[in-house]
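Q: For reference, the chains in residue letters:
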Amino acid sequence: MFKVLNKETVAPQVDALIVDAPYIAGHAKAGNFIVLRIHEKGERIPLTIADSDLDKGTITLLFQKIGKTTEELGTLKKGDKIRDIAGPLGHDTPVKKYGHAVLVGGGIGSATLFPILKALKEKRNKVTVILGARNKELLVWEERFAEYADKTILTTDDGSSGKKGLVTEALKEVADSTKVDVVLAVGPIRMMQAVAELTRPFNLKTYVSLNPVMVEGTGMCGACRVSIAGKTKFACIDGPEFDAHDVDFEEIAHRLNFYKDEEAESLEKFKKKKCKGKCKKQ
Amino acid sequence: MRARDPEKRKHDFKEVALGLTEKQAIKEANRCIQCKKPMCITGCPVEINIPAFISAIRDEDITGGLAIIRKYNMLPAICGRVCPQENQCQGKCVLGKKKTPISIGALERFVADYEMKKGLSQKTKMSRSNGHRVAVIGAGPAGLTVAADLARHGYKITIFEALHEAGGVLTYGIPEFRLPQKIIDREVEYVKSLGVEIKLNWVIGRTQTVDELFGEGYKAVFVGVGAGSPRYMNIPGENLNNVYFASEYLTRVNLLKANQFPKYDTPVKRGKQVAVVGAGNVAMDAARTAARLGAEKVYIVYRRTRTEMPARLEEVEHAHEEGIELLFLSSPKEIIGDERGHVKAIRCDAMKLCEPDASGRKRPECSGDEFILEVDQVLMAIGQASNPILTKSVKGLKLWGAGYIEVDEEGRTNLPGIFAGGDIATGAATVISAMGAGKRAARAIDDYVMGRKKAKSKEPELAESKK
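Listed in order, the protein sequences are those of chains B and W.
Note that numbering that gives the first Met the number 0 numbers the first sequence so that position 231 is 230, with each residue one more than the last.
Note that numbering that gives the first Met the number 0 numbers the second sequence so that position 82 is 81, with each residue one more than the last.
In case anyone wonders, no lab produced these hints; they're calculated from the structure.
Being a predicted model, the structure only gives us computed values, none of them experimental.
Do not rely on the hints blindly, as some may be mistaken.
[Stated by the list, open to error] A few chain W residues that face chain B, going by a derived Cβ cut-off under 8 angstroms, partial list only:
{"hint": "1", "residue": "Ala161"}
{"hint": "2", "residue": "Thr250"}
{"hint": "3", "residue": "Arg339"}
{"hint": "4", "residue": "Asn386"}
[What the hints assert, rightly or not] Straight-line alpha carbon distances no greater than 30 angstroms define the calculated DSS-like cross-link-like pairs of lysine-lysine that follow:
{"hint": "5", "chain 1": "B", "residue 1": "Lys272", "chain 2": "W", "residue 2": "Lys268"}
{"hint": "6", "chain 1": "B", "residue 1": "Lys268", "chain 2": "W", "residue 2": "Lys268"}
{"hint": "7", "chain 1": "B", "residue 1": "Lys28", "chain 2": "W", "residue 2": "Lys191"}
{"hint": "8", "chain 1": "W", "residue 1": "Lys191", "chain 2": "B", "residue 2": "Lys40"}
{"hint": "9", "chain 1": "W", "residue 1": "Lys391", "chain 2": "B", "residue 2": "Lys96"}
{"hint": "10", "chain 1": "B", "residue 1": "Lys273", "chain 2": "W", "residue 2": "Lys256"}
{"hint": "11", "chain 1": "W", "residue 1": "Lys198", "chain 2": "B", "residue 2": "Lys76"}
{"hint": "12", "chain 1": "B", "residue 1": "Lys55", "chain 2": "B", "residue 2": "Lys6"}
{"hint": "13", "chain 1": "W", "residue 1": "Lys181", "chain 2": "B", "residue 2": "Lys80"}
{"hint": "14", "chain 1": "W", "residue 1": "Lys262", "chain 2": "B", "residue 2": "Lys259"}
{"hint": "15", "chain 1": "W", "residue 1": "Lys394", "chain 2": "B", "residue 2": "Lys77"}
{"hint": "16", "chain 1": "B", "residue 1": "Lys232", "chain 2": "W", "residue 2": "Lys397"}
{"hint": "17", "chain 1": "W", "residue 1": "Lys391", "chain 2": "B", "residue 2": "Lys28"}
{"hint": "18", "chain 1": "W", "residue 1": "Lys394", "chain 2": "B", "residue 2": "Lys96"}
{"hint": "19", "chain 1": "W", "residue 1": "Lys256", "chain 2": "B", "residue 2": "Lys271"}
{"hint": "20", "chain 1": "W", "residue 1": "Lys268", "chain 2": "B", "residue 2": "Lys64"}
{"hint": "21", "chain 1": "B", "residue 1": "Lys80", "chain 2": "W", "residue 2": "Lys191"}
[Claimed, not checked] Some residues of chain B that are not near chain W, with every Cβ distance over 12 angstroms (derived):
{"hint": "22", "residue": "Val9"}
{"hint": "23", "residue": "Pro11"}
{"hint": "24", "residue": "Arg43"}
{"hint": "25", "residue": "Asp52"}
{"hint": "26", "residue": "Lys67"}
{"hint": "27", "residue": "Thr68"}
{"hint": "28", "residue": "Tyr97"}
{"hint": "29", "residue": "Glu121"}
{"hint": "30", "residue": "Asp157"}
{"hint": "31", "residue": "Asp247"}
Note that CB positions come from ideal geometry on N, CA and C, so glycine has one too.
Required output: the full structure, derived from the provided sequences and hints.
A: Printed below as a string of structure tokens:
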């Protein structure tokens with residue numbers, strides 16, 4: 000059992016849980032994730048370790064409430080318990096002195112980028128962070144990023160915060176005006192694909208952190224398999240970060256949609272149950 | 000052995016094989032001719048004194064029979080259900096030369112279930128605590144055996160398990176209808192009753208390293224992490240939607256109860272026309288699970304023929320009875336998808352058998368013909384490989400083949416204090432061989448921690464002597 004020590008609402012649909020997990024905190028590196036199961040009947044889902052505190056023995060999980068399990072996770076309060084958390088899992092981000100690194104985050108992808116930003120700064124890189132979202136409300140942790148990054152650029156689809164437009168446009172501006180040594184993009188699959196296509200002609204080293212469906216997360220089931228340069232790889236143990244120019248984005252997009260109906264069914268059932276009683280009073 | 004009616008059982012997950020009644024068991028035991036040189040023992044990977052336990056059943060001393068088995072085998076209720084007896088003890092039974100061999104597996108299961116049914120509990124002689132701690136990585140058959148044996152000898156044992164439940168492949172791999180979870184739970188509870196602590200969600204190599212375990216005061220480490228990584232064929236279409244590796248498919252259903260979605264949160268796709276590639280136990284399990292999830296037609300697609308099938312005889316028979324169709328001499332070469340990236344068919348080469356290969360089985364070769372099977376789901380069950388998380392995390396650990404740990408006969412690795420056994424040392428094998436490896440390793444660990452140079456004289460509890 001893992002105790003929730005604190006909960007913050009970061010954005011209307013985004014929550015952060017600070018969880019007591021000293022062994023995981025003690026071994027977490029940038030790019031790692033955990034697999035959790037809230038209770039006996041729960042599914043196992045992967046979540047990035049968005050931050051960790053070695054001294055306090057805590058990890059921070061940042062998540063957007065988009066499905067049944069994340070909605071349910073959002074109902075947990077300080078003092079509640081999560082039945083299972085296994086980790087830290089996945090390869091560490093290849094952190095070294097690159098020179099100028101650009102981190103591109105779409106929506107909740109920022110959760111993955113934050114520890115990478117801190118690790119890159121420890122290696123004395125110049126880091127530009129581009130965070131994008133549909134609107135102001137969906138931007139997360141921009142102040143935290145600004146604390147560490149050399150430069151933080153915000154973009155929103157509707158212009159409610161930062162520049163109006165897409166992260167790729169901002170990335171292009173940065174790459175046009177300064178030398179960029181490495182790009183790391185995390186976010187929706189089509190956003191990562193767009194970043195990959197943008198940097199490909201320039202042969203600019205680009206990593207993406209893939210988020211396929213996972214079941215157990217330790218290389219035993221192959222649910223998270225992806226095609227990388229024509230070879231099958233498991234995101235949980237071979238990734239989750241891969242060279243963006245080697246990723247078969249169409250395949251992973253198809254695979255991410257595979258359980259769409261079941262996810263909707265599960266979410267609807269959960270919302271109905273949650274609503275019972277309360278809705279009648281209203 | 001009695002089994003439930005195929006027409007009824009193929010719609011639920013309740014156990015298929017019913018076991019023997021007391022009367023049947025005693026009758027079967029009376030068929031045993033108590034050979035002077037019992038061949039059955041030579042067929043058993045842990046050399047259970049089979050004639051002795053059968054003799055006890057004959058004398059209607061069922062608990063006495065169980066006590067005999069338990070000296071060699073910690074998990075009789077499980078082994079009685081999942082051992083490939085026809086290749087082991089029963090395969091050697093002299094009665095089998097002329098007629099039916101003794102149903103040793105069924106008798107083993109009977110004595111183990113008898114205890115459970117009567118609510119009897121095992122009494123275990125425990126040595127006094129010696130204060131030494133040993134870490135066991137993986138709560139599968141090998142790890143549970145090492146833990147129990149050492150705990151009985153006074154060691155303080157902690158098992159570290161990566162998943163959220165103990166049991167290893169018994170829990171995530173073997174379906175409920177073949178090995179009910181309550182039987183595994185009972186064995187795990189027994190191990191815990193010996194004072195063994197099981198830490199779940201603990202991925203050694205990630206949550207903690209082996210070096211850290213030694214640093215915490217563990218005197219030795221046993222690695223029994225199994226061979227859980229799925230193999231794949233590298234044919235086009237393997238990553239299409241609705242192509243599952245059997246390990247994922249079975250994990251969803253067995254460990255996460257996806258058959259009860261949406262009561263349980265984990266979903267699984269229910270195929271209508273299902274092709275299962277492979278012919279081992281895992282393939283049979285996947286095929287029969289698919290049938291239970293409502294498939295109209297399930298095919299086993301296998302490149303050799305019935306005689307070469309690696310699955311237990313009983314599983315093949317049960318699958319056949321449940322309407323699973325066996326397609327022999329068929330080797331998939333492509334999985335064909337539709338425009339949405341979903342499976343719609345599987346293209347196979349028709350094979351013919353040629354000269355035997357290194358495994359002694361006749362080698363299949365393309366006959367030149369091919370055919371297309373229209374299916375909407377493909378389950379790949381062509382074997383498991385080693386998982387690299389632990390092995391890569393231990394510096395200098397000597398591996399062989401496709402990442403398995405190199406050990407001597409007693410489970411010693413090349414690194415002092417680190418022992419290994421079960422599938423991670425041998426490659427995918429059987430529950431009983433993992434258990435046998437666990438027993439041998441337990442003895443070697445005891446020698447190592449106590450600083451004995453040579454193996455001590457055998458004690459009854461550790462009396463099996465696979466050399």
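Q: Now, for every hint given, state plainly whether the structure supports it.
A: Hints and how they fare:
1. Ala161: 5 angstroms, holds
2. Thr250: With Cβ-Cβ at 5 angstroms, under 8 angstroms, it holds.
3. Arg339: 7 angstroms, holds
4. Asn386: 5 angstroms, holds
5. Lys272/B x Lys268/W: 24 angstroms, holds
6. Lys268/B x Lys268/W: 18 angstroms, holds
7. Lys28/B x Lys191/W: 34 angstroms, violated
8. Lys191/W x Lys40/B: The hint holds at about 24 angstroms.
9. Lys391/W x Lys96/B: Status holds; Cα separation ~25 angstroms.
10. Lys273/B x Lys256/W: 23 angstroms, holds
11. Lys198/W x Lys76/B: 25 angstroms, holds
12. Lys55/B x Lys6/B: 16 angstroms, holds
13. Lys181/W x Lys80/B: This hinted pair holds, its Cα atoms lying about 26 angstroms apart.
14. Lys262/W x Lys259/B: The hint holds at about 17 angstroms.
15. Lys394/W x Lys77/B: Given pair Lys394/W, Lys77/B is violated - Cα atoms ~40 angstroms apart, limit 30 angstroms.
16. Lys232/B x Lys397/W: With a Cα-Cα distance of about 24 angstroms, the restraint between Lys232/B and Lys397/W holds, given a limit of 30 angstroms.
17. Lys391/W x Lys28/B: 17 angstroms, holds
18. Lys394/W x Lys96/B: Within the cut-off at roughly 26 angstroms; holds.
19. Lys256/W x Lys271/B: With a Cα-Cα distance of about 22 angstroms, the restraint between Lys256/W and Lys271/B holds, given a limit of 30 angstroms.
20. Lys268/W x Lys64/B: 24 angstroms, holds
21. Lys80/B x Lys191/W: 24 angstroms, holds
22. Val9: 24 angstroms, holds
23. Pro11: 24 angstroms, holds
24. Arg43: Since the minimum Cβ distance to chain W is about 7 angstroms, Arg43/B lies within 12 angstroms and the statement is violated.
25. Asp52: 17 angstroms, holds
26. Lys67: Nearest chain W Cβ is 6 angstroms from Lys67/B, so the label is violated.
27. Thr68: 6 angstroms, violated
28. Tyr97: 25 angstroms, holds
29. Glu121: Label holds. Min Cβ-Cβ 21 angstroms, cutoff 12 angstroms.
30. Asp157: Per Cβ check, Asp157/B is outside 12 angstroms of chain W; nearest 31 angstroms; holds.
31. Asp247: Not fine: 8 angstroms to the nearest Cβ puts Asp247/B too close to chain W.
Checked against the numbered hints given earlier, this structure breaks hints 7, 15, 24, 26, 27, 31; the rest are met.
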